[in-house]
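Visitor: Residue numbers (this note's numbering), protein chains in the order written: chain A, 221 to 510; chain B, 104 to 904; chain C, 397 to 577.
No lab work stands behind these hints: they were computed from the structure. Hints may be right or wrong, so weigh each one.
Straight line, CA to CA, 20 Å or less: simulated EDC-like cross-link-like pairs of lysine to aspartate or glutamate [unchecked claim]:
| # | chain 1 | residue 1 | chain 2 | residue 2 |
| --- | --- | --- | --- | --- |
| 1 | A | Lys307 | C | Asp537 |
| 2 | C | Lys423 | C | Glu487 |
| 3 | B | Lys467 | B | Glu298 |
| 4 | A | Lys307 | C | Asp536 |
| 5 | C | Lys423 | C | Asp469 |
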Amino acid sequence: MKPPAFRYHAPRTLEEAVRLANELPNPRLLAGGQSLLPMLNFRLLAPDHVIDLNRVAGLAGIEETATGIVFGAMTRQRDIEFSPIVKRRLPLLSEAIQWVGHRQTRNRGTIGGSLCHLDPSAEQPTVAIAMDATVSIAGPGATRELPMREFALDLMTSALADGEILASVRIAPWANSHGWAFIEFARRHGDYAIVSVAVLLELDDQQRVTRASITLGGVASTPVRVQQAEAALLGSRVEAGDIEAAAACCALVEALGDPQVPAWYRQRLARTLTARALPIALARARGDKQ
Amino acid sequence: MDTPLPLPLRPALPEIDAPGRVDTKQMIGTRARRIEDEPLLRGEGRFLDDVRVESSLHAAFLRSPHAHARILRLDVAAARAVPGVVAVFDPATIARELTSLRMPLGFPSATLQKDITPWVLSGSEVAFVGEAMVMVVAQSRAIAEDALALIDVDYEPLPVVHDVRQALDSTAPRVRSDAVSNVAERVQVGYGPVEQMFSEAAHVFHESLFVHRGAAHPMEGRGVLARFDPAFGSITVWTSTQMSHEVMHTIGAMLGLDQHQVRVIAPDVGGGFGCKYLTYPEEVAIPAAARALRRPVKWVEDRAEHFISAIHERDQRWDVEIAVDADACILGVRGRLLHDQGAYTPQGINLPYNAATSVTGPYKVPAYAMDVLVCQTNKTPVVPVRGAGYPQAAFVMERLLDRVARELQLDRAEVRARNLIAPEKMPYEKGMTNRAGVRSVIDSGFYAATQATALARIDYAGFPARQQAARAQGRHLGLGIANAVKATSRGPFESAIVRVSPKGRVDVYTGALAMGQGLATALAQICAEQLAMPIEDIHVTCGDTGYVSLGMGGFASRQTVMAGSSVHLAAVEVRTKALKVAEQLLQVPMSELTLNHGRVEAIGRPGVSITLAEIAHKLKGAPGYSMPPGVTPGLEATGLFQTNNQAHANACHACEVEVDIETGAVHILRYVAAHDSGTLINPMMAEGQIHGGIVHGLGNALFEKMGYDDQAQPITGTFADYLLPTSTEVPNIEVIFSQTPSPTNPIGVKGIGEAGTIPVAPAIVSAIEDALSPFGVHICEAPLSPVRILELIDAADGRVR
Amino acid sequence: MSSMPTPDSTAAATPPDDEAMMQISLKVNGREITCRVAERKHLADFLRQDLQLTGTHLGCEHGVCGACTIWVDGVTARSCLMLAVQADGCELRTVESLATEGPDGHGLSPLQQAFWDRHGLQCGYCTPGILMSLTELLRDDPAPTEEAVRITLSGHLCRCTGYQNIVAAALDAAARIRSAV
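Same shape as in the complex, but just chain A (with noise of 0.2 Å):
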């Protein structure tokens, strides 16, 4: 399990960067390689050029803007997972990437990388469209920006055209009091979930829900936002009922299968998860002592 001949670049700037992935015939980024590096050792790729985006300057840090935390595509999950930046503004950010393999990977890889690669069962994309993510793509022309619902299009498909790369994504906190969870189910510690779901929720001051954001992980071939759940939520109190009547309807989002998962069991785990998910999200909206 040798990778196939190619050749590699180490572009110091963004925009060399782009050019050589517009340049070279059939190139391949290379971020944090805990992805790609399996495929190239498996032979599951040949492509001619390997281009390495560690060395871009400026390509990675986490920022703190007026309209939100903004990620350089190269960050490392690792910073992710130990920024107080990231534990104050997106807790359910900081509480999904420890969910991201092995501290290993999480040395290594960026989300940059993560959004890109699109596995269905990823955290971070499921978090980005759980929090309606802007990403921010950089390639000949200008730069343009996308939300995350449109940046993933499919399975393992993102909106990428070939010479373009990933330079950042930025994603709007919630509100300082809002209530989060993440959860996932997986076979062991650190696997690919087979399910995840990630729960937001904002309530008013009678305890009321405002705003809701309900996304599944791993059920289809992209995360998905499901909007009759969080529409089942608005104006409730998340009682038995409501979280009973969400969970359903994430029961009913059509999910693959596969001959070690069935798309039923995919389902199912999506209305466990969900009702799961929802009192911790409560909880911590309502500042429950843990």
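Given chain A's structure and the hints, the job is docking chains B and C onto it.
Guide: Just chains B and C now, kept in the frame of chain A:
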């Protein structure tokens, strides 16, 4: 895992009594630190790929992507032309180097179909995904893989046997064109008045059971390095193996070389678990290439290859019945086993034979009959993995006993207790014969006591209350128990040389193989018991055919007994010799002498002494000087412990689980393992074997499924789909040892390497079934995934008890 | 990855030519190294083949078993998932760097010593990677819980030990290190 971090509390680690530093004069029964460890901890191990021979070339194999196909055309010209490629061997070219293109059968058999062994390289027809067809030898592995991509093959796909049940269908395709039948062999085993017992029985219950075992997956895959010496026409082969001598003989036979021309050296071996206990085609092809090219050639298996070309253990389908009297005492067991052997049979039918003949386990079974069909399919060939058929056998017996208990509304432990062989009955003739045709006799064991120990530790009596309390909270707890017996110390012999050099260095050489189990330390402890010196001063070399001419290797939990006894015999001889010589040289009677740290000294008078080095020097001999009277030259001895008897280890496992009925997840809350493995040479290592064996069993029970589709294409080919247990899924295991010395060998030892694995799947499945008893779930299979558990719950009749 | 890989049949088989090489400079176990390495060679192979640091092992080459774990710039990484050329300018640390001159003359780190005392290894093949991960854990969390240790270990496969003694050794080492401070 669907709960947010942190994970649920688990029972605390059992108290360990190992002090930080132990007396370096270690002998039998102490928790000695291993002599193997320091280099391994420093990263100075010498595993196969760490062995460097100058100007080595590197090999890679083209492996069939089809489960069954005819090869119409094979064109290696483009591969040969790749810069850096030194040679490409197709079946025709490798055949010129070999006495046969077909591997010999590992365990000779008169009754097996002919022509069922693997090919060294397969030329006209391939029969499983992963079968080796072409060997490329190049400057580097990467270049060899580049060349593989350029080999041009025209295949004609042929119909595929993808399920063992097709063997019963006369219209099914044949697994290979040269196969006489998809049933490689059919064997009836048993004893006693089966028909009579079943007709007279108060109750007869039938079960259809499916046991799927996966593969061994040691962390180090296979590997071979061969160096040919043109001056002597001899070849040195390093290979990650469990059986150096067998490999040596096979290479010799296949390359037309005599024993003295082939030396096989086992380097550090990163785990075996059975998949390195056979001679593989690659172990013949690589030496052949080295000789043909007059260059050293190395092949290091990668994990993708291991998945498809290292042996598996495969599906077994059991249709069985148990007959019991009104008191739940077993009258008989009978049935049929369909065993999936894969596309070829490298070794023999030892695995299904073992499984079929060990079903009765620790129980009294007056009559037994099993019809065994060894069936071929277009999948990777099958050889025993840790447990060697006993895990499947235990699964069958324990499921049957749970069934009896449930039907007769008796306690599961009570049903077992009524049927366990009593200690007064030892040695107990089982009624079955083993592979060698010798009647199976259980030498020793206290089965009821072992069960009682496990049940007491897990507080079996208190469980119903725990279960009730949990149910009131909507939680589903279950408790399972299972017993097992393992015949260990498979004969016929093992070899050991104990040698003291004139410089006082003590060496032990053995044909036994180390693969992580601490064999060197165990043997050093046994030797140290006789020679009274620190184990750090005893140097053990395992599995190098250049040092010992005879040896069998590591399998069937045999080496502590067999190699240990051989070392014991040799060390006793060396000790006796040393005392005899010292008696003469010191003029002190033997009865007043003792050994201590490399010296022989008069008891009570340490000043009167002589070193082992001086004795060895004396026995080296000098021209013209006579040996001490009555003493042979050399302070050394060879031990060849022989036996046809097997020492039987036993175990009882009890476990408590919680099943999440919404996700199908199983959490193991407690795992208790009561084991009797005879005298323990090193209790710390013995515990380690049980821990590892149990976690392997957890893999069998809950995680490991080597999946194939209906074209016999593997659907699990990476560690992402084939799941080995990791640290977060396994419990802290509570191991309780009792030590019933075995009368079959001079050190009273019983084997331990596999016993931990055997009862795990039935114990876990029993516990899950118990947890789901309100739903009336009945479990007849392993492994059990969360998906499967939900399917079973959905399908059950939903009776609430 | 959640499914069996299928070969990329659309990729042109790269015509074999001379191996593309690149010069890199890096620090390995405190030693400055400058050398040429094949651009496609992964970092684990570079360590093992070019630097003869064979303590780092390969168990899967697809990022699950953890046997290849080393430190890159002070944190753990799976060396089979990095290209050697990516290590240009980096500081690497492998298992061979763990042993130090200790007062007892063995020179093992407290973690290595604890493994020895607690029978935390059997075949030893997975051990170097695990030692690197646990060394990182003990540096970052000097008083880890058992759960924290098991979570760290979850990125490693061991087929021999069942993990229990490894956990015991890690907790033991943590206690020893804390009491030595």
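Visitor: Look at each hint and say if it fits the structure.
Guide: Hints, verified against the model:
no.: 1; hint: A:Lys307 - C:Asp537; result: holds (19 Å)
no.: 2; hint: C:Lys423 - C:Glu487; result: holds (5 Å)
no.: 3; hint: B:Lys467 - B:Glu298; result: holds (17 Å)
no.: 4; hint: A:Lys307 - C:Asp536; result: holds (18 Å)
no.: 5; hint: C:Lys423 - C:Asp469; result: holds (10 Å)
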